[in-house]
Amino acid sequence: MIEIHDLVKCYDGKTAVDHLSLAVGAGEWLVFAGPNGSGKTTTIKILAALAAPTSGAVRVAGHDVTRRPVEVKRSIGYLPEDLSAFGYLTGLEYLHVIAACHDLAPGIERDRAERLIDLFDLRDYRQTLVRTYSVGLSRRLTLAGALLPDPPILLLDEPTANLDPESAYLVRQVLRGLVERGRTVFMSTHLLTSAEKDASRVAFIKEGKLLLDRSLPALRESFPGDDLETIFLRVTEQKGEERVRAFLDGVPRVER
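Just so we're on the same page, the numbering used here is the position in the sequence shown counted from 1, plus 7.
No lab work stands behind these hints, which were simulated from the structure alone. These numbers were taken from a predicted model, which means no experiment stands behind them. Using N, Cα and C, we set each Cβ at its ideal position, and we do this for glycine too.
Computed list of lysine-lysine pairs in DSS-like fashion (alpha-carbon distance at most 30 Å, straight line):
id: 1; residue 1: Lys52; residue 2: Lys246
id: 2; residue 1: Lys216; residue 2: Lys204
id: 3; residue 1: Lys80; residue 2: Lys213
Restraint-style ranges between C-beta atoms, simulated for each label pair:
id: 4; residue 1: Lys216; residue 2: Leu99; range: 40 to 50 Å
id: 5; residue 1: Gly20; residue 2: Arg263; range: 51 to 61 Å
id: 6; residue 1: Tyr95; residue 2: Thr200; range: 32 to 42 Å
id: 7; residue 1: Glu228; residue 2: Arg117; range: 45 to 55 Å
Build the full structure now, drawing on both the sequences and the hints.
Okay, structure coming up:
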């Protein structure tokens, strides 16, 4: 469903994605993790045909992202970073725009939109302007928009960010059910503890380079006893623990 071969993306002379190769099949849930600025969002935008590769080949649902961007966009559900471009639409109007982009028949659009409005508890806000939404409410609406066309592929950049625990749990349950029904999920996240319960594969990226791509069972075999967060810190060589120790060494103890 997703094929990335030797992908390079440069901005202003800086390499954001550095010769990345990755393939994700139908019914797989890939967690794409890396430190901030590692190229995760750039990769997802290229997969969504919203940014052009500098070099390399990328195909989504059999379509080349450069040659057939419209077909790519109609094959995916995409989670935008923000809704600022849609601020003067109501929630329902936003969903109508998504439906129109995917050529959904009116009856199908209405049925799916109503189900998603109920799923994400948006009924009281469907006639409210998007620009008045809270951050969490905006995220719930964009998730509804990503699911509305019932696409074979979901490209989700931090889908549970800014959600309360109940909503985040609901999203994970929905995604799990969709994967069981053959959908493909390509998802970036920093919440590795919850991702460990759901994903079938993980890929770690740092400074645009792929460091690891493995199934969860294979990863547990390679790192017995370690949770996904610990494995991530080891593989990406993060120095957070050293900085924490250096800080705490300078904090005096309170005498009791």
